[in-house]
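Visitor: Those sequence lines, one after another, are chains E and Z. Numbering-wise (full-length UniProt numbering), the first sequence opens with residue 1 and increments by one. Numbering-wise (full-length UniProt numbering), the second sequence opens with residue 1 and increments by one.
What the hints contain is simulated information worked out from the structure, not anything from laboratory work. On a predicted model such as this, the values are computed, not experimentally measured, just so you know. Do not rely on the hints blindly, as some may be mistaken.
Since the list can't tell identical chains apart, any single copy or any two copies may satisfy a pair.
Said to hold, decoys possible - When the alpha-carbon atoms are kept at most 30 Å apart in a straight line, the in silico BS3-like pairs for lysine-lysine are as follows: (1) K283 - K295; (2) K193 - K272; (3) K179 - K283; (4) K331 - K193.
2 protein chains.
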Amino acid sequence: MAKGTGSLPAPAIPALLCLPGRHSPGSQRSERHDGAERAAAAGRRSRSGGAVADQRRSRRGGAVADRRRSRSGGAAAAGRRSRSGGAAAEGPPRCRSVPGGRCCGRRTLRSGGTARDEASMGRTLVELFYDVISPYSWLAFEALCRYRHIWNIELRFRPAFLGGIMQQTGNKPPAMLPKRGEYLLKDMKRMAKYYQVPLRISPDAFQHIMGTSSLTAMRFITAIDMTNPQYLEPLSRQFWMCFWSQYEDISQPENILATARQAGLSEELSQKALEMASSPPVKDRLKDTTTEALKHGAFGMPAVVAHYDGKPHLFFGSDRLELLGSIIGEKWLGPVPSPKL
Amino acid sequence: MAKGTGSLPAPAIPALLCLPGRHSPGSQRSERHDGAERAAAAGRRSRSGGAVADQRRSRRGGAVADRRRSRSGGAAAAGRRSRSGGAAAEGPPRCRSVPGGRCCGRRTLRSGGTARDEASMGRTLVELFYDVISPYSWLAFEALCRYRHIWNIELRFRPAFLGGIMQQTGNKPPAMLPKRGEYLLKDMKRMAKYYQVPLRISPDAFQHIMGTSSLTAMRFITAIDMTNPQYLEPLSRQFWMCFWSQYEDISQPENILATARQAGLSEELSQKALEMASSPPVKDRLKDTTTEALKHGAFGMPAVVAHYDGKPHLFFGSDRLELLGSIIGEKWLGPVPSPKL
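Looking at chain E on its own, in the form it has when it is part of the complex:
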């Protein structure tokens, strides 16, 4: 991939991930989009039921097709598109699923914001502490990405290190209990289908986790969060795609760079982030975020921390979003909701 062509995320990630269902005309803010032609086309598709079609495609193996495309040069293709689409190098990547990039920009706070900022804006701050090695974190991530357009919440991504949380709390991977391991394979498969997230379950999924350290990947993600937070969402999603859909080894530098490329980062930015990943500021930042999750009571991931009634409240797992909604006065509409019209 040529240098400086990384501003648009590659289409390796199915468009349905962020915001399936109908989009309101008001959300199609194509004037803010760099690639106006693509946005208009996407808008038309969306209005005529394209998102629904995407969902259907996903059920019939669309995710597999996407993976295949990804393996056979999807990133390069994205690079070509990027060059012809006129996007500025290193510009903020916007979610391809919503014209105008609303999905990636709106209602997602970067690390600079504070809980007080949120309170003053009348929205509930919801922090998602996650590690890309955690499959259920992916489900929570996608569901929350969808709900930030529907619920009055401010979503903040908090990349942390699951290994540190497990070690500090004395927790063990749930699949170490054989019967639970057997069950979790089935549960993840069913949940992924229901959440319409292309998480692929292989019988050796747990060996895959146990044999991989996500430390370098999470440091890399942290470096990007610190320097180019606009890439945090597509990069995290692409790591899940590579690890949990394509079963690639995300612990190796070359694979980390490939993942970043597929997420739309330029070669230059990726190389810089990889170098930064082993620097004390990045290591400390990841440690601090992990420590913060622990302070909130986390013992695993995903750890969703919602700020209401003047304090933080932990919700563990991807299956407490309905409960969270009920407490903050928002309605759960299933894992694939339609946004407000």
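With chain E's structure known, arrange chain Z on it following the hints.
Guide: Coordinates of chain Z only, in the frame set by chain E:
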């Protein structure tokens, strides 16, 4: 409590448990009810929003009031009411929350039925393996009791022994991890409120579990299931009330008898069941049910086993009912749904 007055469950259990929300006139089959006057009165209350009032009452401490009433002779009061209500001794107890007792009778198979029976009736057989020492089992129990009136399912209660499942699978109580224990106390409290189940969380809830064996209680429940299955539902619910709301010691014979009394069983029937509880047939039956849960893959409780696509499928926990619904083509309407009108 006088002999032969046990046909009506005592009102220690809040009326909202089984089926909150509006009831359709069609469901008020008071002609089938033994105490016609009470049924008519309940029907009027229901039509004028009594169930909603019950929910409100519960939120404002109705459960506490109910507990108080239970401790101060609620069972005796129920006995008096029973005598004047004209119910036959040892007759099937019907749920007080729905006039006509529809809640306890319809769509709940006793142990005699088979999966084939269900398939031939076009309904999905859903088995709930539970132990009254498990708080999340109570949530699943009440939610499924509500959904059997809404989803096209046949619900079958399968009392089993959690201790046996933990021992056979090598599983440990989740609260043994201190951080998870802290979280679970909060989670149970929030979930109980959301599910409108009067589960009361005390800081020493886990010591309460760890210091109690449910073996005799589950054998007692099994004896009732074998001899008078029509009491299985109210009796199980009352055990949860006693253990998880009133924090009583359900391992002691005198408390087991008191619980049975509060559930509407006669002294004679309770005594007989208590004697049976230590007999080989009852012990074997509880063992067999526990073994069956293990064969389905259970490693904890609640274990919901749904029969579709020609085989059983395990769903662990009280938080997979939405997923189950999506698979069998039924819509999740939250833990407190309104029945079909």
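Visitor: Does each hint fit the structure? Answer for all of them.
Guide: Going through the hints against the structure:
1. Proximity of K283 and K295 under a CA criterion of 30 Å is satisfied intra-copy only: 18 Å inside one chain copy versus 46 Å between copies.
2. In the homo-oligomer, the alpha carbons of K193 and K272 never lie at most 30 Å apart, since the shortest distance is 36 Å inside one protomer and 50 Å across protomers.
3. In this assembly of identical chains, K179 and K283 lie within 30 Å of each other by CA distance solely across copies; the values are 25 Å between and 36 Å within a copy.
4. With identical chains, the CA atoms of K331 and K193 are at most 30 Å apart both within one copy (22 Å) and between copies (16 Å).
Checked against the numbered hints given earlier, the structure breaks only hint 2 and satisfies all the rest.
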